[in-house]
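Let the sequences and hints guide you as you build the complete structure.
Sequential numbering from 66 applies to the sequence shown in the numbering used here.
Since the hints were made in silico from the structure, they are not lab data.
Quantities reported herein were computed from a predicted structural model and do not represent experimental measurements.
Certain hints may be false.
[What the hints assert, rightly or not] With a straight-line cut-off of 30 Å between C-alpha atoms, the simulated DSSO-like cross-links for lysine-lysine are:
hint	residue 1	residue 2
1	Lys206	Lys182
2	Lys398	Lys415
3	Lys71	Lys185
4	Lys141	Lys415
5	Lys144	Lys415
6	Lys182	Lys71
7	Lys71	Lys141
8	Lys185	Lys373
9	Lys398	Lys206
10	Lys182	Lys415
11	Lys398	Lys205
[Unchecked claim] Label-pair ranges, simulated between beta-carbon atoms:
hint	residue 1	residue 2	range
12	Glu344	Pro291	48 to 56 Å
13	Arg106	Arg366	32 to 40 Å
14	Gly346	Gly215	54 to 62 Å
15	Gly215	Ile180	21 to 29 Å
16	Gly346	Arg217	34 to 42 Å
A virtual CB, placed ideally from N, CA and C, is assigned to each residue, including glycine.
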Amino acid sequence: MIDAVKLAQDLIRCPSVTPADGGALRVLELALGPLGFQCYRLQFGDVANLYARIGNTSPNFCFAGHTDVVPPGDAKLWKSDPFAAEIRDGVLYGRGAADMKSAVAAFVAAAERHIAKGLKGSISLLITGDEEGVAINGTKKVLEWMTQKGERIDHCLVGEPTGIARAGDTIKIGRRGSMRIELRAHGVQGHTAYPQNALNPIPILATLVSQLAAEPLDAGTAHFEPSTLVFTTFDVGNPASNVSPAEAFAACNIRFNDLHTPESLLERIEQKAAKISHEMGGEIAIQSSVSGVAFLTEPGRFTEVLSKATARVTGAAPAFSTGGGTSDARFIKDHCPVAELGLASATMHKANECVPVAEIALLADIYEAILGDYFASPP
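Here it is as structure tokens:
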């Protein structure tokens, strides 16, 4: 029988810093193969991914996650080797313990228990090695491969660390979108003693930055907190004290709810920039890049299955949330309803990342209960 804690240790001991695999997917293949899963190793660019499935009928319940981790940082800040997976005083330490190798291990253990009781339908795992990176050759490419192969998933649960205090206290049913905006104001360089012969772009850009930063985007919705626009840099790169520059640069990150689209937000900024350029002169160039759009899995039968099964195991109904950053759920939502449920997030990406071993066992129990309820009465 699979021990979720031991499997988590085996995975943590694989130094799978994005995009390296470090042997993590092989560990999973060795665990899943004897259970009857058919495993497909999918290599896209420098990223190794894994899709595994048992069963050939619907519904297909998919668990999605990642085995890649962020770099451990300064080793001196760790009390033990970040890839040693040591257990001290009932706590498992190591890079990936919270985010999210322990959740992957918990699901494999839960799947084994459920399969032993008799499987009706299919269970699959979509595991990537590119979630912590640029997310180009990971989940998105695997989903494209699945579409080409006619491989359909009906519902998906992502094992990201969603908990506030403990496993299962929060279920994410959506995520805000994220986009980066770069603003570049162009003026005319000149001597500071003769400002009439120049056009300083700093006041032009500062006016736009001030207006964008001061005006709220919205007041939030029933399921989303208010959208935010946060400037991350304002730079001129001018070492001279007697020269007004020709160019000024600023950038911001927008985390937006489902009241907006990237297109509507960009149009809003373009209109303000055009008005300021008309009034003050100069030109303002705008570039944007989108990490993900806002989405919501509407509360319904699927979320009810997740919530009731979790509450039965933990003794408390989980909260629904759409907070936090982005995850690979932003790709999966185009294929099927998706939600996220995992361990507490307090130590992820930190030195001495850790999770109590009891929480791993609890999460495995939650996942097993979800599988049981899901297949007993599929949404």
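Q: Sort out which numbered hints this structure fails and list those numbers smallest first.
A: 1, 10, 12, 16
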